[in-house]
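Asker: Listed here are the chains, written in short residue letters.
Protein chains: 2
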Amino acid sequence: MKDAYDVIVVGGGAAGYTAALTLRTLRSDLDVLLIRADEKAQVPCAIPYLAATLETCDKNILPDEPLKKLGVEIAVDEVLDINREAKTIETAKGLKFKYGKLILATGSIPHTPPIKGINLKGVYKIIKKWEVLQELQKAVRKAEKIVIIGGGFIGVELADDLSNLKKDVTIIEILPHCLLLNLDEEFAVKVEEILKSKGVKIMTNCRVEAILGKEKVEAVRLSDGRTIPADIVIVAVGVRPNTSLAEKAGLKISERGIAVDEYMRTSDPNIYAIGDCAEKHSFFTGTPTPTLLASVAAFEARVVAANIAGLRLPRTVLGVVGVFLTKIGGEAFGAAGLTESMAKRMGFDVITGKAETVDKHPGTLPGARKTEVKLIFSKDGGYLLGGEACGGNCVGEFINLIGLAIQRHMTLYDLYTMQYGTHPFLTPSPVAYPIVTAALNAYKKLKAKVY
Amino acid sequence: MKDAYDVIVVGGGAAGYTAALTLRTLRSDLDVLLIRADEKAQVPCAIPYLAATLETCDKNILPDEPLKKLGVEIAVDEVLDINREAKTIETAKGLKFKYGKLILATGSIPHTPPIKGINLKGVYKIIKKWEVLQELQKAVRKAEKIVIIGGGFIGVELADDLSNLKKDVTIIEILPHCLLLNLDEEFAVKVEEILKSKGVKIMTNCRVEAILGKEKVEAVRLSDGRTIPADIVIVAVGVRPNTSLAEKAGLKISERGIAVDEYMRTSDPNIYAIGDCAEKHSFFTGTPTPTLLASVAAFEARVVAANIAGLRLPRTVLGVVGVFLTKIGGEAFGAAGLTESMAKRMGFDVITGKAETVDKHPGTLPGARKTEVKLIFSKDGGYLLGGEACGGNCVGEFINLIGLAIQRHMTLYDLYTMQYGTHPFLTPSPVAYPIVTAALNAYKKLKAKVY
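Here the protein sequences line up with chains D and E, keeping their order. Per this note's numbering, the first sequence starts with residue 285, numbered consecutively. Per this note's numbering, the second sequence starts with residue 285, numbered consecutively.
These are calculated hints, taken from the structure and not from any lab test. Each hint should be verified, as a subset may be incorrect.
Identical copies carry no separate label here, and so any pair may be met within one copy or between two of them.
Calculated cross-link-like contacts (lysine to any residue; reagent style SDA-like; alpha-carbon spacing at most 20 Å) [said to hold, decoys possible]:
#1 Lys729 - Pro598
#2 Lys429 - Arg510
#3 Lys728 - Ser312
#4 Lys324 - Gly647
All values reported here derive from a predicted model rather than from experimental measurement.
If we strip away everything but chain D, and leave its shape as in the complex, we get:
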């Protein structure tokens, strides 16, 4: 290790990893040091699947080889202090490094709701650390009765994977449905139905008042007085940006993370912040948005890499679209951009179009499954604001296609004449491609029964 680097990246998750990787890909002349707290970096998105699908935490490692192959140096250490004037950092192991540019990718930390008993033994939070997850993995596999507080993505994915182990799982969600921050009600209800069919109990509109137990957790008490017995409790009520290092260094912090401009530059021109620790703005309104996703982190990392590399690659983030994907009980769900209810809350006058088809053609082909699509347009101009879908695995890239259409400011008029390819085993029929059908159905509503 040297004592000075052109670029130092703090954090080894999706943001830091992609920043280091991209920088060295673009500029092998720059010395890049990545400092992360953990010996082994976990793939964040797959953490819920450590319950059953992934045997061990070692099967869920973000590999170092691609970084090392490109010449990124990796230090397992913790950055304690930044001296912005001297452009140096100091670490827990007592080392000191000089930096040209510093990238903060310090991630997020789980929300800890102020519930009585939250610190009892047997109450777990999802912390992206090998040691913590190793312990949680053992605990969930041993437990019989598991209560999950929070029906967001982590909560439902964890419940789904746990149900494969035939555990007694209960989700407690404060909103009327699970996933309601990312899916419209009709899709959220489908997710719940699948989970219920797999034996998961779902209690919505419920607030946890206390976690009960003497030495360790024994039950969860709701505000309506009901109690649910629990061997362990997993708290998955979201995360908040980890801004402590930035705060200590006197960088500007906003309500939703480290304050950054559209170049992902903090209040110090030599320091960038990316990923969960940095504030984000909506693609649609520019207002702050809590879209903390690994894919967004990787996108921001590339923007910063272009800025530091000094290249004519795009150097700004002009708002986060937000593309969410999950798979519950074998059914894929996805959403890009705004849901109908979100769009309405934001003040858009919307029109929606739906389509239902099969993902192979003819539908008599083995393995053909139903696909449902909903598109949300702004009445004003017909701009695509969002899309949701469920069906087979191809919903993943299908939602990415919708996400791209949003980014390229496409309208329902454009989608009506979208060109696409089809194949019996790979896509819906050419006469019923669901994006086109949904756009057409939205258009019909827009014309308000003129014909």
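Dock chain E against the given chain D, drawing on the hints supplied.
Answerer: Positioned in the frame of chain D, the structure of chain E alone reads:
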């Protein structure tokens, strides 16, 4: 049935079907008659899978219900004559109808190469008619030794499906590789390797000189003198536009089909032509292109529906992008836009970028499979000209995403900061999304090792 209709559609394939469906969806006040020669319309794209996957031709029907539900009238008949002045048509059953607008969707007919013995018993062409396909299905299932002349999509898909029946299948292709009109060599070779591993014999750079046999086919003789024994021979060397009705009516015919303007209007303002029978132009150069695909037919049908319905939906076809998909031995292949070799032949100065990844993350997840992507850009401006991919089923919508990026004139700069979503079971990793990696790799080449 009435004796006059606002719109008469001639042909019930993907083009005619979609035109009638879309017209009545947009304008239920218009009387629409669809005339087709066949009692049962076959799904064109799935015809190769009648060999083994689809038990009977009845499992491969383009359903009438959606049309009937919308009030489209269907006549099984053949249009023999168009009287353009009187705006009437006459049919084989002796009926006469008046039309307001006429849509010709008469499709294509198989090329018949001038080979000695082509009319022997046991030599089949792929004609999209229930009766013909029914007979072919019986013949291929009975035959042991099957020779397929032509290694295009139909040829390789048919060979793949036949290999599932453990038949002795030989493809004879005149070019150096199968599928070379739609895939670059490295992907075409992969297709061949898969087919060979399934026992299919592939003879490339080979020209058929004669089909031998007395009463029925016995063998195929190549121009180099070799002979290949055959119980049946299937000729799949492409199709040509079926323009006979249009010609008879005195409409302008071009080298590649019924001549149409960008509104898909023929030389008669009251007659439109769509699908395989109509000429097409390239999205990239405006030059004629032989992209005869069901998905293109459906796209053109929607453009004509907008024109006839008189709505502010897009009314022009500004070039065909061309999106091809297939699946061989369980591996999906796709191409959108131009291949590298096509682009070079057209005079583009190109730069390519590749990426290889797995379609799940971490790669240790069950069922994770390799995905390969190649993107082709114009050096001038960095515009995306084409993309190819192979891997699991999601290659279908992934190629459609690339097709959309081409349509929206995206550059490698845009793709570098594309926003997308990821999920362990549904997509590659956020740090290695292959479109972004391929764009980055192309950019690196463009910078020509400055760093």
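Asker: My question is about Lys429 and Arg510: at a cut-off of 20 Å on alpha-carbon distance, are they close within one copy, between copies, both, or neither?
Answerer: Answer is within: at 16 Å inside a copy they meet the 20 Å cutoff, but 72 Å across does not.
Asker: Can you give me the call for Lys728 and Ser312, within, between, both or neither, at a CA distance of at most 20 Å?
Answerer: between (54 Å within a copy, 11 Å between copies)
Asker: Between the shortest in-copy and the shortest cross-copy C-alpha distance, which are at most 20 Å for Lys324 and Gly647: within, between, both, or neither?
Answerer: between (46 Å within a copy, 16 Å between copies)
Asker: Can you tell me if Lys729 and Pro598 fall within 20 Å by alpha carbon in one copy, between copies, both or neither?
Answerer: Between copies only: 17 Å across, 38 Å inside.
In summary, the structure agrees with every hint in the numbered list given earlier.
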